[in-house]
Amino acid sequence: MSQSVAIIDYGSGNLHSAAKAFERAALESGIASTIHVTSDTDVVRAADRIVLPGVGAFADCRRGLDAVPGMVQTLEEVVRGQGRPFLGICVGMQLLASRGLEYTITEGLGWIPGDVALIEPDDKSLKIPHMGWNTLHRQDDHPLLEGIETGPQGLHAYFVHSYALTPQRPQDVLALTHHGGPVTAMVARGNIAGTQFHPEKSQKLGLKLIANFLGWKP
Amino acid sequence: MTLKTRIIPCLDVKDGRVVKGVKFLDLVDAGDPVEAAKAYDAAGADELCFLDITASHEDRGILLDVVTRTAEACFMPLTVGGGVRKVEDIRALLLAGADKVSINTAAVTNRQFVKEAAEKFGDQCIVVAIDAKQVSPGRWEIFTHGGRNATGIEAVAFAREVVSLGAGELLVTSMDKDGTKSGYDLGLTCTIADAVSVPVIASGGVGTLDDLVAGVSEGHASAVLAASIFHFGTYSIGEAKAYMAEAGLRMRLD
Chain X
5 MSQSVAIIDY GSGNLHSAAK AFERAALESG IASTIHVTSD TDVVRAADRI VLPGVGAFAD
65 CRRGLDAVPG MVQTLEEVVR GQGRPFLGIC VGMQLLASRG LEYTITEGLG WIPGDVALIE
125 PDDKSLKIPH MGWNTLHRQD DHPLLEGIET GPQGLHAYFV HSYALTPQRP QDVLALTHHG
185 GPVTAMVARG NIAGTQFHPE KSQKLGLKLI ANFLGWKP
Chain G
2 MTLKTRIIPC LDVKDGRVVK GVKFLDLVDA GDPVEAAKAY DAAGADELCF LDITASHEDR
62 GILLDVVTRT AEACFMPLTV GGGVRKVEDI RALLLAGADK VSINTAAVTN RQFVKEAAEK
122 FGDQCIVVAI DAKQVSPGRW EIFTHGGRNA TGIEAVAFAR EVVSLGAGEL LVTSMDKDGT
182 KSGYDLGLTC TIADAVSVPV IASGGVGTLD DLVAGVSEGH ASAVLAASIF HFGTYSIGEA
242 KAYMAEAGLR MRLD
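Listed in order, the protein sequences are those of chains X and G.
Numbering (our numbering) for the first sequence: 5 to 222.
Numbering (our numbering) for the second sequence: 2 to 255.
Hints may contain errors.
[To be verified] Restricting the straight-line Cα-Cα distance to at most 20 Å, the calculated cross-link-like pairs of lysine to aspartate or glutamate (EDC-like) are: (1) Lys-208(X) to Asp-42(G); (2) Lys-134(G) to Glu-89(G); (3) Lys-182(G) to Glu-240(G); (4) Lys-182(G) to Glu-219(G); (5) Lys-24(G) to Asp-13(G); (6) Lys-39(G) to Glu-27(X); (7) Lys-121(G) to Glu-106(X); (8) Lys-208(X) to Glu-153(X); (9) Lys-121(G) to Glu-73(G); (10) Lys-128(X) to Glu-240(G); (11) Lys-208(X) to Glu-73(G); (12) Lys-221(X) to Asp-13(X); (13) Lys-121(G) to Asp-13(X); (14) Lys-24(X) to Glu-89(G); (15) Lys-134(G) to Glu-155(G); (16) Lys-24(X) to Glu-73(G).
[Unchecked claim] Restraint-style ranges between C-beta atoms, simulated for each label pair: (17) Glu-162(G) to Ala-71(X): 29 to 37 Å; (18) Glu-247(G) to Gly-155(X): 45 to 53 Å; (19) Asp-66(G) to Gly-15(X): 16 to 24 Å; (20) Gln-175(X) to Ala-196(G): 37 to 45 Å; (21) Thr-110(G) to Pro-73(X): 55 to 63 Å; (22) Gln-175(X) to Arg-61(G): 43 to 51 Å; (23) Val-88(G) to Ala-121(X): 26 to 34 Å; (24) Gly-185(X) to Ser-229(G): 33 to 41 Å; (25) Thr-110(G) to Pro-174(X): 24 to 32 Å; (26) Arg-86(G) to Glu-80(X): 36 to 44 Å; (27) Arg-67(X) to Thr-181(G): 27 to 35 Å.
Hints are computed from structural coordinates only; laboratory data are not their basis.
Quick caveat: nothing in here was measured; it's all calculated off a predicted structure.
We put the CB at the ideal spot given by N, CA and C, even for glycine.
Just chain G, same shape as in the assembly (with noise of 0.2 Å):
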């Protein structure tokens, strides 16, 4: 009896739409958000998470909609990120069905927002979204705008100030590893988790199912969130997980 290592297949959408697809199974719609999500509801994912990449604020209403339609129809935990900025917009997706909601850029240009979010809201529904990049040997900072923004701030000391003002999860993402199918920064990874008394959710670069296992056993991962290669067929949860399992993680089989 003992918590079980989460796997969280992400998926970006954009307009209402999954960007470039979910093409693991016949779905009717393969750019469908909820269809995606119900596949991965009954593959058995432990978690889904929605990153909005929406451009325009304005169409909000289209994400909220496509939140309200996946909770309606897959009894499972929801985190959604993109875009958030102020109070309203968690407290509209949560009315909306999603359990947690990922902060991002809004975290690191107003801690308080933060602290704000988690006293309002519960700690336990407050993710803060890291994205960071190695600047020198054992020290990351923290980048904003996918990767382009530079910021100065040192990441592990960003994980554990946003802690202390609240967040319940962190979501650390390398903007070095994101894409590149080489596995996570297990460093990176690591040194946030040891850091900080939340679990963190290693995310970027996943390119087998040893990376997986690696963002546990070697990052110290409480989660591994995935796209790609669940998307792409490359790997199903179900193979994901027996994988893990065999590979003496812990994992949530039924």
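Bound conformation, chain X alone (with noise of 0.2 Å):
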């Protein structure tokens, strides 16, 4: 039986290609799975599994799940009461945070407690916002990681943003990146996983991340 896989909209940018890109590992890995693009709490709640986008300021993605009626609600019971198997990428991971300190402080969810600040990179000459492919450096084995290849010699992973989640707790660090120090590139705890980078636009690293995610058993 097909398993579902619920990606949440909520108003932030285009989810076609993110629902594309996990259709496509759904197939290679031979993990049958409906993938449901959906602001319904009703198909959360029945899902699977549960994809939280987000691309843009932190403030407005918040506003934009606040304005989903129930959604919040709906993810704290399903993911944190439940242990549905969850996946942040970029500001959807972001929004884990306790705040998040772009133009204005705004609470996040506070699953993975810890600040989003803007990225300080020690060498000057380094750009903002941390904008192409970098590598992983990870910090823990974890099934999500499984046959993608890290360190310097590693695959890469597209990332674009100019704010990164620090969390608290270091063991919430599955994998970090380097601009001109540690940047956080995956936090994993429990059920709850998150990408700072896009695995929908990461190629090889980012299928396989996806493939890995649909077969997840946390």
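The two chains are supplied separately, each in an independent frame; assemble them into the complex guided by the hints.
Now the structure itself:
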């Protein structure tokens, strides 16, 4: 039987290509999955896996998520309460933090305690946004990184962001990248995971990571 | 572990077709932008750029269809520019699957449009395309309409201004060099790259792989854009990456 994956649509950018990437990864990995792009809390409640994407500014995304009736409450119930596998992408990952400090202080979901703050590279010639392809440095083994070569010679992920989440608990950091200092690339805690980079835009690494998420049994 | 230099092939699209076509591979339809995009995706391009040069704004739907089909098939970043004048144009392109939208003339005629766009969609997806010509030593000015219309606006000050308004990246094209295959205008590229905090894409004039290297090492660009050397198969993306890596630049080779 096909599992269902809910990609939450709360008005933050294009989710069609993300959905296509999940469909492709499901097909290539042979994990039968039906992908729903949805703002319907019933669909989210019934889903086997939940994805929260997000592009743009932290406060805008938070506002957008809050504007979907019952969505935050539903996520609290099924992700935190029932332990449903969850993946946040880019600002969707940043929203897991306690607070976002972009433009103004905005409360996050608080699932991964920490702040989302401007990246301040120690080398001032480095550009912000951190935009382009960078490698991952894994802090721990994790099913989401299975079969993905990390380290300086490893595969690359596509990043585009100026702000980054720094978790209070170092053990919540699954992978780092570097841009004039360490930058959180992935977080994971129990059934909750997030990527600062865009797996749906990261070609080989991205499709593998999505496939790993589709098969993940936290 | 460091950010890699990006190679960005740029396709000129008119009425939904690639202008002049892409000849480096035996594509079933070399004039189909989606086919070309897939080929560049497979070849390891770091991003793709579509520049829409369709004259009529009414034919916008064709471009949106091309973007949608590309985003469904290629899991890599896509920038789309050409004729972006209103917030609705940006929204339509992003919804079709573009990751970044490039604003050119509209940024010159209405600086506030950049601010409005960045606030609405985030800095990271707003690229401002700067077309400049040298007017005297060390001075470049903005030109619009493919280099035909002078504006008298000094390019470096303009670059600083649009970045302060929220542009997340600058695509800097030398109208003196474009189409000459004599290399980027390194003075222009370097002056702007050193003046702003955001990444700069060098554009206009690439003829050899050394030109790509110089765009980064001397022009201080974060990414290099080229069209004909890739489309006509003079060099492959792989050859370009290997050459640039050999020259000491950090490239993504996976």
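Straight-line alpha-carbon gap Lys-221(X) to Asp-13(X), limit 20 Å: Roughly 24 Å between the alpha carbons, so the hint for Lys-221(X) and Asp-13(X) is violated.
I want to verify a distance hint. Is the separation of the beta carbons of Val-88(G) and Ala-121(X) within 26 to 34 Å? holds (28 Å)
Outcome for the supplied range 29 to 37 Å, where the beta carbon pair is Glu-162(G) and Ala-71(X): holds (33 Å)
Measuring from beta carbon to beta carbon, are Gln-175(X) and Ala-196(G) in 37 to 45 Å? holds (42 Å)
Between the beta carbons of Gly-185(X) and Ser-229(G), is the distance compatible with 33 to 41 Å? Holds: the Cβ-Cβ distance is about 39 Å, inside 33 to 41 Å.
Can you confirm whether the C-alpha distance between Lys-208(X) and Glu-153(X) stays at or below 20 Å? With a Cα-Cα distance of about 11 Å, the restraint between Lys-208(X) and Glu-153(X) holds, given a limit of 20 Å.
Lys-121(G) paired with Glu-73(G) [C-alpha distance capped at 20 Å]: violated (24 Å)
Would the hint linking Lys-24(X) and Glu-73(G) be met if the CA-CA limit is 20 Å? It holds: about 6 Å lies between the C-alpha atoms, which stays within 20 Å.
Given the hint that Lys-39(G) pairs with Glu-27(X), does the C-alpha gap stay at or below 20 Å? holds (17 Å)
Would the hint linking Lys-121(G) and Glu-106(X) be met if the CA-CA limit is 20 Å? The hint holds at about 14 Å.
Could you tell me whether the CB distance from Asp-66(G) to Gly-15(X) stays inside 16 to 24 Å? holds (23 Å)
Check the following: the C-beta atoms of Arg-86(G) and Glu-80(X) are separated by a distance inside 36 to 44 Å. holds (42 Å)
Hint compliance for this structure: hints 2, 9, 10, 12, 14, 18, 21, 25 and 27 are not met, and every other hint is.
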